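Visitor: This is what each chain is made of:
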Amino acid sequence: MRLPPWLAQHLAALRTLLVLTVIAGIAYPLAVTAIAQLHGLRHHANGSLVTVDHTVVASSLIGQSFTDTGGKPLLRYVQTRPSAAGAGYDPTATGASNFGPESVVDTLPGPADPTGEQSLLTRVCARSLAVGRLEGVDGARPYCTPDGVGAVLGVFHRDGVTGGVTRVVSLNQACPAAPFLTTYRGVRVECARPGQDYSHAVVTPIRGDAPAHPAVPPDAVTASGSGLDPAISPAYARLQAPRVARARGIDVTTVDRLITAHTTRRALGFLGEPSVNVVTLNTDLDRRYPVPG
Amino acid sequence: MSAWSAGAVFLVSLVAALVVVYRPMGDYVYRVVSSPRHLRVERSLYRVMGVDPDGEQPWGGYARSVLAFSAVSILFLYAFMRLQNRLWLSLGLPAVKPDGAWNTAVSFVTNTNWQWYSGESTMGHLVQMAGLAVQNFASAAVGIAVAVAFARGFARSRTAQLGNFWVDLVRVVLRVLLPISVLVAIVFVAAGMVQNLSAGTDVHTLAGATQHLTGGPVASQEAIKELGTNGGGFYNANSAHPFENPTSWTNWIEVFLLLLIPFSLPRTFGRIVDDNRQGYAIAAAMAVLALGSLVTINVLQGVHGGTVPQAVGAASEGVETRFGVFDSATFASATTLTSTGSVNSFHDSYTALGGGVTIVDMMLGEVAPGGTGSGLYGMLVLAVITVFVAGLMVGRTPEYLGKKIGAREVKLASLYFLTTPLLVLTGAGIAMALPGERAAMLNRGPHGLSEVLYAFTSAANNNGSAFAGLGVNTTWYDSALGLAMLLGRFVPVVLVLGLAGSLAAQKPVPASAGTLQTHRPLFVAMLVGVTVILVALTFLPALALGPLAEGVR
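The listed protein sequences derive, respectively, from chains A and B.
The numbering used here applies: residue 2 is where the first sequence begins, and numbers increase by one.
The numbering used here applies: residue -13 is where the second sequence begins, and numbers increase by one.
There are no misleading hints in this set.
What the simulated footprint calls covered on chain B by chain A, stretch by stretch (three residues with Cβ under 8 Å from a Cβ of chain A suffice, anywhere in the stretch; the number is not a length):
| no. | region |
| --- | --- |
| 1 | 216 to 223 |
| 2 | 286 to 299 |
On the chain B side, residues computed to face chain A include the following (Cβ under 7 Å):
| no. | residue |
| --- | --- |
| 3 | Phe(-4) |
| 4 | Val58 |
| 5 | Asn182 |
| 6 | Pro228 |
| 7 | Glu303 |
| 8 | Arg308 |
FYI, nobody ran anything at the bench for these hints, they're computed from the structure.
Fair warning: this is a prediction, and the values are worked out from it, not measured in the lab.
A virtual CB, placed ideally from N, CA and C, is assigned to each residue, including glycine.
Using the sequences and the hints, build the whole thing.
Guide: Here it is in structure tokens:
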């Protein structure tokens, strides 16, 4: 029996697909897996696990939260970056925040929306303030208010976007907070009331006078792409060294030396950025200088 | 070394490596698709497949084979995902929902690899390796096959035959993609990528919590993900995930891999039409566009304009520490210039104009250098349009590589060019008109429009990356973007093969003193100019409302 051409065509297609599935979909990955499980590669292929006293405590490639159950940083550990993976460093929900560069206006919590949503700018400002407090440095940043939210005004003009200024609201500072500016172009700045519609105001971020290179480094206030970044910049690690040294009752130079030991420089001198692996660093700190209790 | 100079050296080293491999890689692909000899293993495969490897196909037969293979692949993949809970290695995950399975089946068969889902919580190991990754090989090979058939259309005369699709497909998978993937996958494992069939490991963290480390056959999938310009990540975080891209040097390899085949295929083209200078000209046009984009995005990300990047002091949101801003920017540009769409950093959080560059990269039509094969045939269609424009200027019948570009050829080329803009602009337009779909935006204002525009640009051009804030896990987006991917892939494929058929049927026109020299810098400049002008005319209004409105103060 001869099949009609269109059917023969699709039958050949199906047989081809099955052939390719066996070769590229089964033989190929299984062969690579077999090679990967050979001695010398197996450690990597299984996730670069770190074992302490016969217990697996980490993968040296995957970051962890070093906080207590309430989310407060544990002082004896060098802290990792903010994470957008699940509740933080969750490998079953990886990813980034996806907030854009002009994500600057919060949805304030109110009766209609009890949780609200923070803009990226406010998150950055709040993290900067918190890290500054924790490490005893100035947490100020451009475009941030002293109370750690985005310094953003909603400016109402007489004719929409032109004409004289009629009203100014500090959009991220919920009443009864004191606005970060008292007046703007001669108009008194109001605090924001949750649930009010400020969508006709021109969103105007205010730079302020914070230094362009704040004491708290950029990686300390931004979430990574994966949410699992095991590394921080050497600058952020050094910033944390005195606090970790105090918590462990050791010398700060000891911590600095360990930081250097866990720093990966640029490969070949030009690939990527220098980074400090926080997971292996903290494991090492625990092993060498355990905290009693 | 400063971060700026390290980023520059990263870029220069990539260019140098691509220049070095251009000839050997392009020549190798040429030998693979042109050799009259079949390997013994291939002969037995052809018997199982039930195809005659020595019979050639006219353009219609070639196109029908492409469509039949792709249709069967979509159905197979759809069924695979719908049934995954009954198969092995499903990790206890449920069947994929119908609209999601349709979207993903189309996505991987069209070489797009758009992902509405998170791999770690949606797809079992078997679906990933024996379903999705198979299409990583197959869809890349289909693209190369179509490009090769198109090149044969220029090279051959007075014939209807364009080659044998099944032979081209099998040879590219077996002789090009597989060997490189095996080697690269082993290197990747050595660098730290996982490669196992485990459901994962629970660890008790130093802080006393538990963390579930995921497993999977990742390295083997990663190699073909980049090599085949596919881009579908094993995990949601894609190449930002330390298990998919553990070090700064695997990052370099990944960028190199995704550029390798698209930038080498012009050489293959030059060999097929027996004039290597033509290949150099096409590669040069691709390189000019690509370098323009790469340098621009590096500068924009380095300068980090915009409120949040200025507050932070760097464009580091969504960027991994080990890669840094510059190597991430280069990855972003390379992945959008090719139709790869894997990401090592999250474009939604880029500076407004830096993110705009990634959108423009895709709007070029994925031709600089574009996807495996699709980049070459896309650029050749633009070359056809360019000789037509040049012919109009001097009032001569245009010709390209000894073939007359008549009314039929120009119509096919124009339809090819118009397909994706039509899909992008109508798709984004409809989404913006529907309140429910507008609400899927994570960011407000112009950035929200950029998210929608990015989604349809990515789908219709078969890229697959995203401004991932957009909540596309809905029936509407799954269906609409699936349709955009399907039409954005196969309408151009059929038009290109039709064009190839009409070129192959012609008899060659002898070159005369008035013939436009298509290997000269003048032609390269015209080709670049035509590409930029066509894209600007089509998309500038949409861009003005999105990234430009956000980034230009």
